[in-house]
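Let the sequences and hints guide you as you build the complete structure.
Protein chains in written order, with our numbering: chain V, 63 to 700; chain P, 63 to 700.
Since the hints were made in silico from the structure, they are not lab data.
Accuracy of the hints is not assured; some may be wrong.
A pair holds if it fits inside one copy or across any two, identical chains being indistinguishable in the list.
Calculated cross-link-like contacts (lysine-lysine; reagent style DSS-like; alpha-carbon spacing at most 25 Å) [as the list claims (entries may be wrong)]:
1. Lys479 <-> Lys539
2. Lys334 <-> Lys425
3. Lys163 <-> Lys539
4. Lys575 <-> Lys595
5. Lys636 <-> Lys564
6. Lys274 <-> Lys307
7. Lys274 <-> Lys244
8. Lys244 <-> Lys375
9. Lys305 <-> Lys265
10. Lys265 <-> Lys244
11. Lys479 <-> Lys163
12. Lys479 <-> Lys684
13. Lys569 <-> Lys274
14. Lys244 <-> Lys256
15. Lys479 <-> Lys132
16. Lys425 <-> Lys69
There are 2 protein chains.
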Amino acid sequence: MVLEKDKLYFAPLSEIHRVRKNSCLAADTLAQILRINILYMIKRAGSGHIGTSFSAVDIMLWLWLYEMKKPNTGAPDSDVFFSSKGHDVPALYAVLTALEKLPFDSIHQLRQLGGLPGHPDIHTPYIAANTGSLGMGISKAKGMAIANRLNNDMGRIFVLTGDGELQEGQFWESLQGAASQKLGNIIVIVDHNKIQSDTWVEKTSSLGNIAKKIETFGWSVLEIDGHNFFTIAEALGTCLVDKDKPKMIIANTIKGKGVSFMEEVAKDGLYKFHSGAPSDDDYYCALEELTQKTNILLEMVGMKPLELESVDKPAPKTSSPHRAENLIKAYGNELARIGGQREDVVVLDADLVKDCGLLEFKKEFPNRFVECGIAEQDMVSIAGGLALRGKLPIVNSFGCFLSTRPNEQIYNNASEKTKIIYAGHLAGLLPASPGHSHQSVRDISALGSIPGLTMIQPCDEIETRLALNWAIYENPKSTYIRLVTIPVELNFTLPVGYTLTKGQGVKVQGNAKDKKSVAIVAYGPVMLREAVKAAQDVQADVFNFPWLNRINPRWIREILGQYDLVVVIDDHYKLLGLGNIIATVFGIGPVSYNNSSPKMLLLGLEEIPACGQNDEVLKYHKLDAESITTKIREVQGS
Amino acid sequence: MVLEKDKLYFAPLSEIHRVRKNSCLAADTLAQILRINILYMIKRAGSGHIGTSFSAVDIMLWLWLYEMKKPNTGAPDSDVFFSSKGHDVPALYAVLTALEKLPFDSIHQLRQLGGLPGHPDIHTPYIAANTGSLGMGISKAKGMAIANRLNNDMGRIFVLTGDGELQEGQFWESLQGAASQKLGNIIVIVDHNKIQSDTWVEKTSSLGNIAKKIETFGWSVLEIDGHNFFTIAEALGTCLVDKDKPKMIIANTIKGKGVSFMEEVAKDGLYKFHSGAPSDDDYYCALEELTQKTNILLEMVGMKPLELESVDKPAPKTSSPHRAENLIKAYGNELARIGGQREDVVVLDADLVKDCGLLEFKKEFPNRFVECGIAEQDMVSIAGGLALRGKLPIVNSFGCFLSTRPNEQIYNNASEKTKIIYAGHLAGLLPASPGHSHQSVRDISALGSIPGLTMIQPCDEIETRLALNWAIYENPKSTYIRLVTIPVELNFTLPVGYTLTKGQGVKVQGNAKDKKSVAIVAYGPVMLREAVKAAQDVQADVFNFPWLNRINPRWIREILGQYDLVVVIDDHYKLLGLGNIIATVFGIGPVSYNNSSPKMLLLGLEEIPACGQNDEVLKYHKLDAESITTKIREVQGS
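Written as structure tokens, this is what we have:
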């Protein structure tokens, strides 16, 4: 079959049926076909986790095809399966669509609004738990097992975990209680593919002898080849012997299994296929290999080759990446530059060295780069210890994790009044395709009230550099820098010579007529871009306000107080975001301040954010320019 | 020596000097004397952790007396000591005052404003880290060890941990990295007294074979008798052999060691001397035993008996406890009552069964009571799993921990849109004596923006019952109930027949004259009591507003909008508390709403709260009635 380079290919349901009918080859062949569909879904979606989906799909297929009773139906005595790591969900979707538990056509809708979310969500049929925030799986399974015991329900709970995930404290926290409470209906399978987000688990934060460790927590442990259906079946059989002990099967797997070049860590030590869509070349090359492997298996039993169906390849996104602002790159460059000036700077990472732009610093100052693994609590308290001994720690992770998992640890550090810089990457509503576990839209609220912690969010590369320099050189206390990760093509520029002034905004667009009617206040590249677009329609002035929890009330009153209407757009929940803080000023006037406050319109998220493509999700939450315009007109017209 | 029952006794510095001069008996005898001073400090302060101070004091004494070089001076190559559990700090203060590192007179000022904080704080001399939030110690030590390595500093870091503390995930999260980064200068000593807050560790959440576990994480492990100075000395010597491996010494100790009746778990299975001051009887009885033991040791070397000094016993607090409202008791009773009606209710606890008022429910419904140990993340995700299987979990811990340690887990549960009730006990500024690790003044901010999670705080026993019933029977979504733990004598009552109406307050005191001048809005018993006191001076009306993150804007406008001045008192940080949410309403009027908003005055905490006695801390933060009056007059007069 000749692959056309303007098409994407998937194995249709009819082909899956054909293979399933021949029981001799069902699992082995089906597993290859599912990989073709996983590859398709992720390539089409533009992002997703291939490596882990390929390492986990054999185990998932076996569980759903042969092992589980009434899987995930919620019926009495039904077995439950979920993946604690969650980013392998394309593999689960491939299984569920192949078994027609999900409509087959949903494979065309991965990471689209109303389609299949980027991480598991229980509002999709047959998904048993929301995951994607690592380390929670066994605890959730314990809750299910306790509920089953109370209900005299014999259902078992199968939990798939990653191995990098074992670096999370909650994993270990959850073990002992399962054993002492004799929750023997829990069967955990570790997808031990030995590579985490960036590189080898061993190099990131070695796990030592996992089996030996887990046994000391009172679990029954087995180690198997996770790509061999015979050993998978045998292990699941063996598992049932000891009714009282929770079980853990350590499945040795290969990340990227099935496509030779996806099974390797690159020469630079980084693994390239953890997340993100493969390039066109990689896609067709992988597809060819998988098709070939399938066809060999089919040929062995005298069946004709696989017939794939195709769809047109989606048009590439319109924005020109070379003109887009890349804040993470600017942050990483500046960090490395400052690293040369400041010997006290120590950079900490939790297995996101690439995503947080830390490669340059790590290369230049390896001694001052601390890789903590997926262990955010540990990382933040390590930073606390470093600061107590005179270092300036710069702590990195995705904002969704950094602001929440080590929330108490950040507060504890703040109580010591040392200086620490936290960088929360992947901030805000976009990208919307990974889903709510990764959309950091709660960090102002989660951390904003901590005394001595100033939160700041830059809107472009220049302001990113300014923010980092301000945090390092000017702010005597701690700073949380909130960084949007997606490159954004901007429709505004900061004034020449712009510098940061704490608690004050800066006008980036002036459209207001003589009578100053509307001011739109926003922060970060995404919402400012939308604000500027909207402002042209409603003759508004637009202010960039990078201070998320610090305002200068005088500036607010004097500058924003002049407008009839002040609109604040939060790239965050509306409740307890910047809007609440700014709006408060107009309720708190000194006597000298006359009371003719502007009307205010606060915009922001009001529900758990949707998963989907960026444009459609912005629109869904009414935070795109058009919706903003409409809202402003409503308020003006009312 | 005859003990007078209106005096409290301590061993003065002169006696400590006398004993230290005789090197034959220094450590053994000194340890008894330190226990006398620990007992004194805690009895005088009215609260503190005796059991753990007695189990840890021998180890601390040895380290500070003989083992550490330049201890906690911060000088090059100085050794560092801190306790990760932190509540054993009276023992450390006893050591530091005896060694004159701290002014001896500070033993009279435990848990007083400007005195010695209830948990360690680095702003006290020779305190190396802020602790009291469990499980962070090894991570902090890692940061210090990495800093030392970067500085070519040979200083060692000694960390004391509890054993109950080993239930925290962060403890395990921190282990592996220490081993793989070869942080051999870290020496952890586990105060393995086998009793945690409520009862035996084994019964709460068994730790299994700790030594074996820790070894699998690549640490060097030793097990010793933690009350035998020879084995302590020997272990510390042995420790130095392997330079690359972090070390853990599991010190078998006895909680309450030194006073026979404090060394036992009571017949009801609960340990009585974890926290809180001993009764008068217990105090004098313990003092007698300790003095006797000391005198026997002194006599053995021909020295005269110990001469204690005394101070007058502080007068008992004026408030009559029988008239005080006890919200925790009301909550516990109501929970047990509802437990009989609702079979789906499952109560979860993290080793605070007494403090959270759960004994009654546990006794009545043992199958539906899940003791999770000190493992808040695990507990919250277990609740998530229970809810997914149709149960109604009610999750309990102190608010300071519950709102922060499992912050991401609570959000993850919210994303599943299941119904869960969280009860955050020990909420608010008071009690102020345990210090900032335990003062929960950040929970509105930390959790308030989560969609589907309504936060409510009752002000008396009646409203506590109403709140629990509302959460269980009326609210279809999740609720966080914020509960003040200290009994408070109230100066107001709720109207007869009062019921909760979401987003609305209720007037509890009407002082305003014809012209409605001032409204004070507060929640919870402590701040409402202060508000009512203040209101009498400034002719204000007082509203109880139990909804912490849900307001009915119409009610706010119609009722509060009538006043010239609206004062909101947050038992929380001012930033991102209820004040911000209410004040926002006056900035956001629909067109029909006329713009003559009231002036607003927001009161609340603006810095990390101080440690001290309740009255002095309220005053320090200007949240006592007098300060509130003054502020209101300032705003009115200005």
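The hints, checked one at a time:
{"no.": "1", "hint": "Lys479 <-> Lys539", "verdict": "within (7 Å within a copy, 38 Å between copies)"}
{"no.": "2", "hint": "Lys334 <-> Lys425", "verdict": "within (18 Å within a copy, 55 Å between copies)"}
{"no.": "3", "hint": "Lys163 <-> Lys539", "verdict": "neither (54 Å within a copy, 29 Å between copies)"}
{"no.": "4", "hint": "Lys575 <-> Lys595", "verdict": "within (17 Å within a copy, 51 Å between copies)"}
{"no.": "5", "hint": "Lys636 <-> Lys564", "verdict": "both (22 Å within a copy, 19 Å between copies)"}
{"no.": "6", "hint": "Lys274 <-> Lys307", "verdict": "both (16 Å within a copy, 19 Å between copies)"}
{"no.": "7", "hint": "Lys274 <-> Lys244", "verdict": "both (19 Å within a copy, 21 Å between copies)"}
{"no.": "8", "hint": "Lys244 <-> Lys375", "verdict": "neither (51 Å within a copy, 51 Å between copies)"}
{"no.": "9", "hint": "Lys305 <-> Lys265", "verdict": "between (37 Å within a copy, 21 Å between copies)"}
{"no.": "10", "hint": "Lys265 <-> Lys244", "verdict": "between (35 Å within a copy, 14 Å between copies)"}
{"no.": "11", "hint": "Lys479 <-> Lys163", "verdict": "between (54 Å within a copy, 22 Å between copies)"}
{"no.": "12", "hint": "Lys479 <-> Lys684", "verdict": "between (40 Å within a copy, 22 Å between copies)"}
{"no.": "13", "hint": "Lys569 <-> Lys274", "verdict": "neither (60 Å within a copy, 62 Å between copies)"}
{"no.": "14", "hint": "Lys244 <-> Lys256", "verdict": "between (29 Å within a copy, 21 Å between copies)"}
{"no.": "15", "hint": "Lys479 <-> Lys132", "verdict": "between (55 Å within a copy, 24 Å between copies)"}
{"no.": "16", "hint": "Lys425 <-> Lys69", "verdict": "neither (40 Å within a copy, 66 Å between copies)"}
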